[in-house]
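Q: Assemble the complex: chain A is given as a structure, and chains B and C must be docked to it using the hints.
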Amino acid sequence: MHYREVETKREFVARLEPGADWREEIETLADEEEVDAGFFYALGAVQDAELWFYDQREKEYEAVTFEEPLEVAACVGNVAWLDAERFAHTHAVLSRPSGQAIAGHLHAGTVFAGECYLREFEGELVREIDGTTGLDLWL
Amino acid sequence: MHYREVETKREFVARLEPGADWREEIETLADEEEVDAGFFYALGAVQDAELWFYDQREKEYEAVTFEEPLEVAACVGNVAWLDAERFAHTHAVLSRPSGQAIAGHLHAGTVFAGECYLREFEGELVREIDGTTGLDLWL
Amino acid sequence: MHYREVETKREFVARLEPGADWREEIETLADEEEVDAGFFYALGAVQDAELWFYDQREKEYEAVTFEEPLEVAACVGNVAWLDAERFAHTHAVLSRPSGQAIAGHLHAGTVFAGECYLREFEGELVREIDGTTGLDLWL
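Chains A, B and C supply the protein sequences, listed in that same order.
For the first sequence, the positions run 1 to 139 when the working numbering is used.
For the second sequence, the positions run 1 to 139 when the working numbering is used.
For the third sequence, the positions run 1 to 139 when the working numbering is used.
Bound-form chain A, shown alone (with noise of 0.2 Å):
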């Protein structure tokens, strides 16, 4: 196991903004306050969302895409940088009005309305191709 003890830097909390990408609004709060590593949590609701789910085998991501509403009940995720760019990993857990639960990777959603609680850590978390997996993994 890979870890590093972290020292909190700032705390932020957001209100997602209704029409624009889920996993864009994170990113473009760690754009404007300089968040170069970070872990948070929201939740919400969203008007569609796009999951993708990593094939351990093929070493690639499969998109799955669900055009309906649906609420956000639990979404965890990171800041790091990722290819020169602040990258915000987003897990979610969405469900449909029957209860029924929908989860993976969120790569894009449309906010319905979100809030989230980032807290930004010293220094940087940076992500690099690790062979064993084929993800971008930092540490």
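These aren't lab readings, by the way, just hints derived from the structure by calculation.
Careful: at least some of the hints might be erroneous.
[Said to hold, decoys possible] The calculated PhoX-like cross-link candidates involving lysine-lysine, where the alpha carbons are at most 20 Å apart (straight line), are: (1) C/LYS59 - A/LYS9; (2) A/LYS9 - B/LYS9; (3) B/LYS9 - C/LYS9.
A: Relative to the frame of chain A, chains B and C by itself:
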């Protein structure tokens, strides 16, 4: 996007009381300690649950009730003022013995066991009606 | 409700090791750094998973095993002492390529990739048997 830098005032861990209401337990903690703004996450189990789903077109909530024991696999939310009362906006992912997940806005649920971590921020979060979504939002 | 104000001692971000057990990785971090109380959340993917569901009437856990790759859409939990060992009480929401979500108490799961944020609190959390629920609870 609307956001605010916040500073942590206090932190709490709580064990929710069996038989009590999940959301009310968090609001009771907020009332007793006069928490006017905060974010929390939690896990545990409930004896039943009432989930609400927001109809983004009709701008009203619909309720779905589950009269069965459920794990609380993930619960995230925040504490703010709403209509002169402290309100714990609570989303949760629940699950059945088969592993099947259901999720949404947790209006109510009878605690079987619950473990919660709450961070209190300086200042207040106050919810007011938002014309675009019909929801009560802060910031 | 039982609750306690806590103070953060240290914070850690961790990248869990592919092939290791998800929960044991968090416990290893806790052991190495002598974390006696803390809360964490995490995201990633596993190669398989064993979820436990607590039968609230029979007061015993039932296991369900999933022998397939799954995203870890959300994972929340805490570190406490249980029977003279550090125990990471871990709940998780997992998902299949279709987006279907499964969730519960994560007893075990082989890490494919995992990103975790852990906060350590001053003092200890110690689990002891609770007569009402049959569970090992702190506070």
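Q: State for each hint whether it applies.
A: Hint check:
1. C/LYS59 - A/LYS9: Cα-Cα ~44 Å, so violated.
2. A/LYS9 - B/LYS9: holds (15 Å)
3. B/LYS9 - C/LYS9: Answer holds: B/LYS9 to C/LYS9 is near 15 Å, not above 20 Å.
Violated hints amount to a single one, hint 1; each of the other numbered hints is respected by the structure.
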